[in-house]
Amino acid sequence: MTSTPSIETAFRPADLGTLAVIAWSGESAEGDGDTPFLLAYSLGDSPAGPEAAETAIRTLLGNNGLTVGATVHSGVRQPSFPVSLLVEAGQAVVSMAPLNAQCPAPPEWLAAAEAKGTAYFIFTTRPWPAAAPGKPVTEEELQAFVGDEATLTAAAHCLLPVRRIRS
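Residue numbers (this note's numbering): 1 to 167.
Simulated from the structure, these hints should not be mistaken for laboratory data.
For each residue, glycine too, the CB sits at the ideal point set by N, CA and C.
Hints may be right or wrong, so weigh each one.
[As the list claims (entries may be wrong)] Restraint ranges, calculated between C-beta atoms of paired labels, are given here:
1. Val76 to Gly26: 18 to 24 Å
2. Ala89 to Ala150: 31 to 37 Å
3. Glu114 to Asp45: 31 to 37 Å
4. Pro47 to Gly117: 38 to 44 Å
5. Gly134 to Pro13: 17 to 23 Å
6. Ala115 to Glu51: 35 to 41 Å
7. Ile165 to Asp34: 20 to 26 Å
All chains should be modelled from the sequences, with the hints used to inform the complete structure.
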């Protein structure tokens with residue numbers, strides 16, 4: 001019996017444009033206490049335009065075996081999960097072939113990540129040009145974007161174990 005190898009679609013990193021990650025904590029849909037969340041998104045400022053950024057993210061996610069939509073992929077149960085989260089020195093670093101993205105994590109996020117041992121990661125294909133790195137985002141702006149069904153249905157959702165550098 002032979003198996004057909006999976007075919008990766010060509011991924012062009014330049015088409016991502018500016019990639020950003022935001023960390024925050026809040027109540028999960030399950031109501032099980034403070035949950036650490038991470039949101040990755042593009043500003044949509046690719047030289048090829050916002051549509052190219054959306055396509056590049058879909059390709060990146062697909063090449064890593066992630067689907068866009070309602071499925072929550074669990075890295076907790078899969079040792080070789082294609083996405084990892086490292087928390088160190090107040091930073092959250094998300095890795096997925098072929099890229100790494102990091103963001104500063106607020107103290108309440110770090111406390112929630114320590115308590116839960118996991119973080120909920122959302123990587124949306126929907127550009128968010130208003131949330132440029134280094135520019136503060138209000139809680140209302142974050143809720144409006146993340147709470148929008150268009151953002152959530154255009155995203156891969158993952159539960160990631162929190163890893164630390166062993167000393």
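Here is what the structure says about each hint:
no. : hint                        : result
1   : Val76 to Gly26: 18 to 24 Å  : holds (20 Å)
2   : Ala89 to Ala150: 31 to 37 Å : holds (35 Å)
3   : Glu114 to Asp45: 31 to 37 Å : holds (34 Å)
4   : Pro47 to Gly117: 38 to 44 Å : holds (40 Å)
5   : Gly134 to Pro13: 17 to 23 Å : holds (21 Å)
6   : Ala115 to Glu51: 35 to 41 Å : holds (40 Å)
7   : Ile165 to Asp34: 20 to 26 Å : holds (24 Å)
Violated hints for the displayed structure: none, as all numbered hints are satisfied.
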